[in-house]
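Colleague: Sequence:
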Amino acid sequence: VAHNPRKAIGLSMLLAGAMGSGLFILETESRGEELFVPQDTAAQDETEAYESYFPKLSRLEQIYVEAADGEENVLTKDRLIEAMQMHLDIETGTS
Numbered sequence: 045v046a047h048n049p050r051k052a053i054g055l056s057m058l059l060a061g062a063m064g065s066g067l068f069i070l071e072t073e074s075r076g077e078e079l080f081v082p083q084d085t086a087a088q089d090e091t092e093a094y095e096s097y098f099p100k101l102s103r104l105e106q107i108y109v110e111a112a113d114g115e116e117n118v119l120t121k122d123r124l125i126e127a128m129q130m131h132l133d134i135e136t137g138t139s
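This note's numbering applies: residue 45 is where the sequence shown begins, and numbers increase by one.
Quick caveat, the hints were computed from the structure, so don't treat them as lab data. The structure presented is a predicted model; accordingly, all values stated were derived computationally and were not measured. The C-beta atom is built at its ideal place from N, Cα and C for all residues, glycine as well. Fair warning: there could be bad hints in the mix.
Stated by the list, open to error - Distance windows between CB atoms, simulated:
| # | residue 1 | residue 2 | range |
| --- | --- | --- | --- |
| 1 | Arg50 | Arg75 | 43 to 53 Å |
| 2 | Ser96 | Thr72 | 22 to 32 Å |
| 3 | Gln129 | Pro99 | 27 to 37 Å |
| 4 | Leu70 | Tyr94 | 23 to 33 Å |
| 5 | Glu95 | Gln129 | 23 to 33 Å |
| 6 | Leu79 | Tyr108 | 28 to 38 Å |
Throw the hints in and build the complete structure from the sequences for me.
Modeller: Structure follows, in structure tokens:
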């Protein structure tokens, strides 16, 4: 390297160019089911079954619970039982 710096630099540039040319054929994958679920396995079948029950277009709803009587702490046992009962009523449609 010290005797022929031009040759060392030239070979380095040639090697970097040859390796860098592979970036032109690189294909990115952005679909999560292809990235994180191994193909042709039971996990893929189970994922398909799961998505048939819970499609990706399902909505996510949020409810904020606060105490009606002005108490600041809603994390008491009684308040959590009331919140769970409210959740069950909404879930079963009996509210």
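Colleague: Between Ser96 and Thr72, does the beta-carbon spacing fit 22 to 32 Å?
Modeller: For Thr72 against Ser96, whose Cβ atoms are near 28 Å apart, the range 22 to 32 Å holds.
Colleague: The hint says 43 to 53 Å between Arg50 and Arg75; measuring C-beta to C-beta, is that right?
Modeller: This hint holds: roughly 47 Å between Cβ atoms.
Colleague: Looking only at beta-carbon atoms, does the pair Gln129, Pro99 fall within the given range of 27 to 37 Å?
Modeller: With a Cβ separation near 28 Å, Gln129 and Pro99 satisfy 27 to 37 Å, so the hint holds.
Colleague: Should the hint that Glu95 and Gln129 are 23 to 33 Å apart at their CB atoms be regarded as holding?
Modeller: Because 31 Å falls inside the window, the suggested range holds.
Colleague: Given the range 28 to 38 Å, decide if the beta-carbon distance of Leu79 to Tyr108 lies inside it.
Modeller: holds, 34 Å
Colleague: Tell me if the beta carbons of Leu70 and Tyr94 are separated by a distance inside 23 to 33 Å.
Modeller: holds, 31 Å
Against the hints set out earlier in the document, no violation occurs for any number.
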